[in-house]
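Engineer: Each chain is listed here by its residues.
Number of protein chains: 4
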Amino acid sequence: MRAWEIRGAFGLDHLTLGERPDPEPGPGQVVVRVRAASLNYRDLLMIQGLYNPKQALPLIPCSDGAGDVVSVGPGVSRVKPGDRVCGAFCQKWVSGTPTREKLRATLGGPLDGTLAEQVLLSEEGVVATPPHLADEEAATLPCAALTAWSALITEGRLAPGETVLVQGTGGVSLFALQFARLAGARVIVTSGSDAKLARAREMGAWEGINYRETPSWGARVKELTGGLGVDHVVEVGGAGTLKQSLAAVRFGGTVSLIGNLAGITTEIALTSIFMQRVKVQGILVGDRESFEAMSRAVAAAALRPAVDRVFPFEQAKAALDLMAQGGHFGKIVVRI
Amino acid sequence: MRAWEIRGAFGLDHLTLGERPDPEPGPGQVVVRVRAASLNYRDLLMIQGLYNPKQALPLIPCSDGAGDVVSVGPGVSRVKPGDRVCGAFCQKWVSGTPTREKLRATLGGPLDGTLAEQVLLSEEGVVATPPHLADEEAATLPCAALTAWSALITEGRLAPGETVLVQGTGGVSLFALQFARLAGARVIVTSGSDAKLARAREMGAWEGINYRETPSWGARVKELTGGLGVDHVVEVGGAGTLKQSLAAVRFGGTVSLIGNLAGITTEIALTSIFMQRVKVQGILVGDRESFEAMSRAVAAAALRPAVDRVFPFEQAKAALDLMAQGGHFGKIVVRI
Amino acid sequence: MRAWEIRGAFGLDHLTLGERPDPEPGPGQVVVRVRAASLNYRDLLMIQGLYNPKQALPLIPCSDGAGDVVSVGPGVSRVKPGDRVCGAFCQKWVSGTPTREKLRATLGGPLDGTLAEQVLLSEEGVVATPPHLADEEAATLPCAALTAWSALITEGRLAPGETVLVQGTGGVSLFALQFARLAGARVIVTSGSDAKLARAREMGAWEGINYRETPSWGARVKELTGGLGVDHVVEVGGAGTLKQSLAAVRFGGTVSLIGNLAGITTEIALTSIFMQRVKVQGILVGDRESFEAMSRAVAAAALRPAVDRVFPFEQAKAALDLMAQGGHFGKIVVRI
Amino acid sequence: MRAWEIRGAFGLDHLTLGERPDPEPGPGQVVVRVRAASLNYRDLLMIQGLYNPKQALPLIPCSDGAGDVVSVGPGVSRVKPGDRVCGAFCQKWVSGTPTREKLRATLGGPLDGTLAEQVLLSEEGVVATPPHLADEEAATLPCAALTAWSALITEGRLAPGETVLVQGTGGVSLFALQFARLAGARVIVTSGSDAKLARAREMGAWEGINYRETPSWGARVKELTGGLGVDHVVEVGGAGTLKQSLAAVRFGGTVSLIGNLAGITTEIALTSIFMQRVKVQGILVGDRESFEAMSRAVAAAALRPAVDRVFPFEQAKAALDLMAQGGHFGKIVVRI
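Chains as they are written, first to last, in this note's numbering: chain B, -11 to 324; chain S, -11 to 324; chain P, -11 to 324; chain E, -11 to 324.
Hints are computed from structural coordinates only; laboratory data are not their basis.
Computed from a prediction, not measured in an experiment: that's the story for all the values here.
A hint or two may mislead.
[Claimed, not checked] In silico SDA-like pairs for lysine to any residue, Cα to Cα no more than 25 angstroms straight-line:
1. K184/E to E211/E
2. K80/B to E112/E
3. K68/S to P13/S
4. K42/B to G214/E
5. K80/S to A93/E
6. K42/P to Q264/S
7. K210/E to P41/B
8. K42/E to K68/E
[What the hints assert, rightly or not] Which bits of chain P does chain S cover? Going by a derived footprint, with three or more residues having C-beta under 8 angstroms, they are:
9. 96 to 102
10. 267 to 280
[Said to hold, decoys possible] Derived list of chain B stretches under chain S, where covered just means 3 residues or more per stretch with a C-beta under 8 angstroms from a C-beta of chain S:
11. 162 to 173
12. 285 to 293
Note that beta-carbon positions come from the ideal geometry of N, C-alpha and C, so glycine has one too.
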């Protein structure tokens, strides 16, 4: 099969399209013909060696993919060849208490990922594709959608009438917007672009705040919510935005901490957490049963992911360049 | 003030429109000018002496009402004259653990109710009326809407993509339909009338089952859900329907037990509860903070209650007759 | 290997000690040398054909057992030969949402059980034996202990200072007593024998009620708790005791419904459930991660199960006779 | 009445023992004769002007106290003169969702506190004293004990067999130790003193770590727990200890953030929160219903608070000096 590999050393320059032997499924394993992969910021960091410098090479990058089962190993009963499936980022986290073992067996490092014509997965690590979605759309679900779902639904148990703040218009944030709307919540979106805010409003956002014009957007959020603050913040910025998020959240509210886009370490005034009795919930994608619940919801609502652009397999580097530049609205996809 | 009272003995014949001194608010109390009252089946049972034969008389019946504050007693700070409010059924259940004391101080017995021009309430027992609702609409919220909300949202923590079964098209069931839709869930409705099923579909129901044609509707629900069963049943029928509900619910699902319309005692095969690991959750209306959360959601979604018919104050008995006959779709309201 | 089998037809007369080929582990499977099995009432019903008359025969009965791994199949990584393990009753319920598939793959029917020298298990269906326990003690954990744990801890989230009612002094009830004490709760025990109540008090029970002397023990429980009722009832009697349990529980409390010892169907006044806002939680043993959490707690507290009597393998029928007669205190065990 | 007041300006020098008119209870209020007050670090910060420089003066400091009701205002029904009670730190947080209004009406600033012969409280802001406790012991419950209870029980829902880390041997930490033991959990204590670690072990601690000898105590905690980490950290140090706490906690575990003793702002690597899926839960004392549940548990277990030393009323400054120096083990109390 053909596969993109990080070969020899980290760096985009070392990402190479080459040949690999087709994977063979062992007991409890399946091989999936990948039809589309979707990019996450983690993929870029992994390729650059910034995510885990100790990662063994070569590695096929990318965590998200959708396609169909081509073969199954001994003892497999959950799926059969021909089934349309997505791969689960955490191959071993089916459900229950998160553990190191469950949370560290992930695609796109340390395990080979989805930027290849085939991927070897655990029988327990695949989920049926929602029938109304094309593979290019379904490929966006495993990380970005499930992260938003875990934050707002599995952990957040969002209720109708609550208010959610989402930061920017990347993949996780737009899924958070869509799921919050689906759950009957109101959504406030921040962005540096009025054009993107307008698009977010078209997708159902209640209010938008341009953080370039309003750097202290936490205070603006308080105003919009009658002084209360939002029930839930989906924090993707990390160090660069957490202070504003803690100003935006209500007493007793929740900040789902899912990323670091705006910086890794930060000075936090811890008093803003305990004096407001805020919960800061770390989210790491999610378990397979949550994925399945999400897929049911996506199918029932005929929800469609926001795909910014689809690249052909051979132009995967151009797709990664777009990710690196930013500026996209929703997910970047590679057709394979 | 004018008030309908159960005087001397129970029975519709003893329900009399008469004069009462205007109530005066003591410390922590408020007087509300009732503009509309809404009927619940409990009101009929109370008047007939079937709900609590030991209830002291005279009693002003009815639990649900909306209007505006006319006066407040010493120490009151939550509301002021002129505020539009609804009364809370459980006057003392603000939040937290339910107790006998919190759950037994209820309007329309043992406390005087809302079928009067004025009602005396605790400062803690009123909730701001959603601004977009007329009083005739808001009067339907305190019992029927809050019961549905408590079952599906406060306790049920309904998630998008889940499936809910509601029985019939009475007040609680239609609110359950609306809230389930608002929360992104699918709804199956049972009814004895195809016309009502059609109306329920217009309100967003996914499927309808005519229980006259399909008496074993539990099995039909399993079919519709691919053999799984529904996540949540809002059980209003009680003894007469619980067996089918336990056939309709999924393994690990929830039956919210909120009423007895179809009978009080029943033979239950308890194995159907524990062999399927079902939770049967008794619901008794709800607490004030849940009411406030519900009102926020109702306001945010501009949701409008299904009002079947509005009667003038003088024709309250005709309204109760309609309740007794059944056949209504949604709530019956009395304008005061 | 030697095994007791229900052969040809149901009934204790058809329970026969014979020879079977040693099981061979397939992919993801392990074979365990059973050192001790423990009896549950379900085993007796199964042998008599009362539990599931459609069960295919021959069947090796019994759900609970402890021993050591003798061989493992391809792909097995969780355990290795020599490890001391207990079998999980629900072989496929590792964690997460209960489903029919997870809850129906159970030992002692439909799957062959533990009353044999060896048993074939899923790699995912074994749990490490707490080191301080002999196999005769550990064999009591999979059903009786886990049922009590699921009711009070996994689902009940018992808090210190709460009060629990347990019925009788069978296996589940004594584990419930021990776990409730471990969690800082007070326990009221009912029994028909003052001698057994005395033994329960020695194990930490706060109060005992002889139901022969006090048939309306629900009212007595209310007295003992200052009129409030208990927070949690572990209901093993089912139809014959539920009415008293609903009289014993506090407003907003929980009844864990786990058995039917005193009858299968009953007339319930549903009002006692919803007017008191009680939750009736069906419990079916539990998932493997709960088992593991329980084993950690059992080990940390060096808790020892109450074993009534240990029979040699050849006298398994005598053990079942004792189960049928009742009168035991805690668990009946068969050494293999 | 006599009262200690911060007069004119902040600073221990401005803390003055003087006369005040006896408080008079308004509607819904009660006056309590304070028999003992207990110190928290917040009291010292408040007196020094470091907690809230905008606090209006004069102010009677101290949040914690126990005594008996001397008079009640109109409409009061929860207590009567002569009742032994403790005051609730958050006078308005009876139960339910925390809000700014509920969490900011606190004793010892902005409201007058307990370092006086009498204190004016809300009827809703008192809790019955556990009968087995002297007032000097009961005075320690409102802040320190309730904070530990809220962290581990109300929010943490600690289960038997779990492991808790507590930092040092101050009031909150020793209550956390006692409550964790009561709930069947194991406790690891850190301290800079081997003598204190020995005393903590006598109170039931499983392991102790001297952070002077083992500054990277997070790694040592991992070792002690077989590489897993603890389920729950009660974080009182704040900025100075959070990094080690995040090294000590298990994947999916909880850090209850309740204080800042070791610093207010800190650089946190946010990845350690979301890559381990940790929850950081801000805790601000707790609500009255949790206080009542805690008092039931304290009474049922006859648990006694660890009181380091009791000072007479006139020597309140000496008590505050001891607090400032540190080195105490458990709570410092002032008899009034």
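Engineer: Each of the hints needs a verdict: does it hold here or not?
Structural biologist: Verification of the supplied hints:
| no. | hint | verdict |
| --- | --- | --- |
| 1 | K184/E to E211/E | 22 angstroms, holds |
| 2 | K80/B to E112/E | 50 angstroms, violated |
| 3 | K68/S to P13/S | 12 angstroms, holds |
| 4 | K42/B to G214/E | 24 angstroms, holds |
| 5 | K80/S to A93/E | 21 angstroms, holds |
| 6 | K42/P to Q264/S | 18 angstroms, holds |
| 7 | K210/E to P41/B | 24 angstroms, holds |
| 8 | K42/E to K68/E | 36 angstroms, violated |
| 9 | 96 to 102 | violated (count 0) |
| 10 | 267 to 280 | holds (count 6) |
| 11 | 162 to 173 | holds (count 4) |
| 12 | 285 to 293 | holds (count 5) |
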